[in-house]
Amino acid sequence: MRKQNLTRTAAIAILMLSSAALFGQTATGVINGTLINKNGITLVFDSDAAGVALGNSGTSAASVNFGNISAFGALSAGVTRPSVTAANFTVQTIFDVNVTQGGLASASYTLTANLAAPAPTGFTYKVDAVTLTTVAQTIQANGAYGTDVAHNLGLVVLTAAPGAGGPAVGSPITATINFTATAN
Amino acid sequence: MKKVLILAIAAAIVMLMPSFVSAQTASGTLTVTATVQGSIGLVFNSDAAGVALTGSGTNAATLAFGNVSAFGALSAGVTRPSVTATNFTVSSAVDVQVTKTNSASANYTLKAQLGAADAVNTWAVGGVAVTSAAQSTLTATGTYAANSNFPVAITIPFTTASGTAISNTINYTATAN
Numbered sequence: 085m086r087k088q089n090l091t092r093t094a095a096i097a098i099l100m101l102s103s104a105a106l107f108g109q110t111a112t113g114v115i116n117g118t119l120i121n122k123n124g125i126t127l128v129f130d131s132d133a134a135g136v137a138l139g140n141s142g143t144s145a146a147s148v149n150f151g152n153i154s155a156f157g158a159l160s161a162g163v164t165r166p167s168v169t170a171a172n173f174t175v176q177t178i179f180d181v182n183v184t185q186g187g188l189a190s191a192s193y194t195l196t197a198n199l200a201a202p203a204p205t206g207f208t209y210k211v212d213a214v215t216l217t218t219v220a221q222t223i224q225a226n227g228a229y230g231t232d233v234a235h236n237l238g239l240v241v242l243t244a245a246p247g248a249g250g251p252a253v254g255s256p257i258t259a260t261i262n263f264t265a266t267a268n
Numbered sequence: 016m017k018k019v020l021i022l023a024i025a026a027a028i029v030m031l032m033p034s035f036v037s038a039q040t041a042s043g044t045l046t047v048t049a050t051v052q053g054s055i056g057l058v059f060n061s062d063a064a065g066v067a068l069t070g071s072g073t074n075a076a077t078l079a080f081g082n083v084s085a086f087g088a089l090s091a092g093v094t095r096p097s098v099t100a101t102n103f104t105v106s107s108a109v110d111v112q113v114t115k116t117n118s119a120s121a122n123y124t125l126k127a128q129l130g131a132a133d134a135v136n137t138w139a140v141g142g143v144a145v146t147s148a149a150q151s152t153l154t155a156t157g158t159y160a161a162n163s164n165f166p167v168a169i170t171i172p173f174t175t176a177s178g179t180a181i182s183n184t185i186n187y188t189a190t191a192n
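Each protein sequence line maps, in turn, to chains A and B.
Counting in the working numbering, the first sequence runs from 85 upward without gaps.
Counting in the working numbering, the second sequence runs from 16 upward without gaps.
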């Protein structure tokens, strides 16, 4: 009799445990998330259809390679030569600047540019009509947000021979231009 | 208590002000690379003593002698250096200017060649006979950035019918020495 009771009790316990296992385990919680909308502006360079295809187009750290340039020889696609004088020649390409703003009431931006280091011998760099130096200068005072704004990048190269005031020949010459857009 | 409240408000204003005063900026860098190559260019210029060229100052000019004859009047700038028993020669001064850039070259060699064969007339540039068969060297020591006169001359036989148009192209090549 005692053995039967023990067996019955054990069977009931197994049933109770198995029924608990059949129900899905659940847990609940609440996360209180807070979002702070920070205003700001961003600047990226985009390739222009009429210019040289930029390296890293669509970013804020792009590159433009004019390839081989000369006063009279063939130029790469997207590079033009608007002037050749006895003293110098100019090669030019077009690139786009796209500045986006969020959370600001700013209607436009001011774009400035400067050379990161003094220009290499025989070279002068221009953005639009502005001759660049290591000091930031205004390129555009009323840039429109959210659209590609085309700018001309010009290289004025002295025609003098290397060692006579002209640039080094036959090897790539690199310069970095820093651009800053400031919300108006 | 009121003073404390005013001070607190003032402090809050001062703390908030910089975020309004400082302008929002964004920056980017553009790396620019170019490789300079030495080059030379050639243009034709009208010579004061010769025919005024069409396209003077370019590398694709046109020299029009106009009506030419052994004894008749010639256009301005056209001379007639010789008339023989069988032909006559007309000539015009033409300046060639070669410019060098980013180069230490001391001088240049200039060659010329007719674009098409001419079995009737004889052509010369700078006193050197020019044909379509091969380039003729006009000078081996050309001076850069100076107008050098290389007269273009055509010798025409008397057998040529009156009213015959004579036309050809002379291709010039300057090579840096």
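A portion of the hints provided could be inaccurate.
Said to hold, decoys possible - Okay, the calculated beta carbon distance ranges per label pair:
1) G249/A x A132/B: 45 to 53 Å
2) G117/A x A38/B: 54 to 62 Å
3) T69/B x S255/A: 38 to 46 Å
4) N268/A x A121/B: 39 to 47 Å
5) G72/B x D212/A: 48 to 56 Å
6) G142/A x A119/B: 39 to 47 Å
7) D212/A x A64/B: 43 to 51 Å
8) F173/B x G249/A: 56 to 64 Å
9) A121/B x S255/A: 18 to 26 Å
10) T205/A x T190/B: 21 to 29 Å
Said to hold, decoys possible - Incomplete in silico selection of chain B near chain A, CB under 8 Å:
11) A41
12) V143
13) S147
Keep in mind that the hints were calculated from the coordinates and are not lab data.
Every value quoted in this text rests on a predicted model; they were computed, and no experiment measured them.
All residues carry an ideal CB built from backbone N, CA and C; glycine is no exception.
Verification of the supplied hints:
A hinted range of 45 to 53 Å holds for the C-beta pair G249/A and A132/B, which are about 47 Å apart. Between G117/A and A38/B the C-beta distance comes to about 30 Å, which lies outside the given range of 54 to 62 Å. Between T69/B and S255/A the beta carbons are some 41 Å apart, a value that agrees with the proposed interval 38 to 46 Å. Here the CB-CB span from N268/A to A121/B is close to 56 Å, at odds with the stated 39 to 47 Å.
Between G72/B and D212/A, the C-beta spacing of about 29 Å breaks the proposed range 48 to 56 Å. Distance hint check: the CB atoms of G142/A and A119/B are about 42 Å apart, consistent with the given range 39 to 47 Å. At about 45 Å, the CB distance of D212/A to A64/B agrees with the hint of 43 to 51 Å. For F173/B and G249/A, the hinted distance range of 56 to 64 Å is satisfied, since their beta carbons lie about 58 Å from each other.
Roughly 23 Å separates the CB atoms of A121/B and S255/A, a value that falls within the hinted 18 to 26 Å. The hint said 21 to 29 Å for the Cβ distance between T205/A and T190/B, and at roughly 27 Å that hint holds. With 8 Å as the threshold, the beta carbon of A41/B comes within range of chain A, its nearest partner Cβ sitting at about 4 Å, so the hint holds. With 8 Å as the threshold, the beta carbon of V143/B stays out of range of chain A, its nearest partner Cβ sitting at about 25 Å, so the hint is violated.
For S147/B, the shortest C-beta to C-beta distance to chain A is roughly 26 Å, which exceeds 8 Å, and the interface hint is violated.
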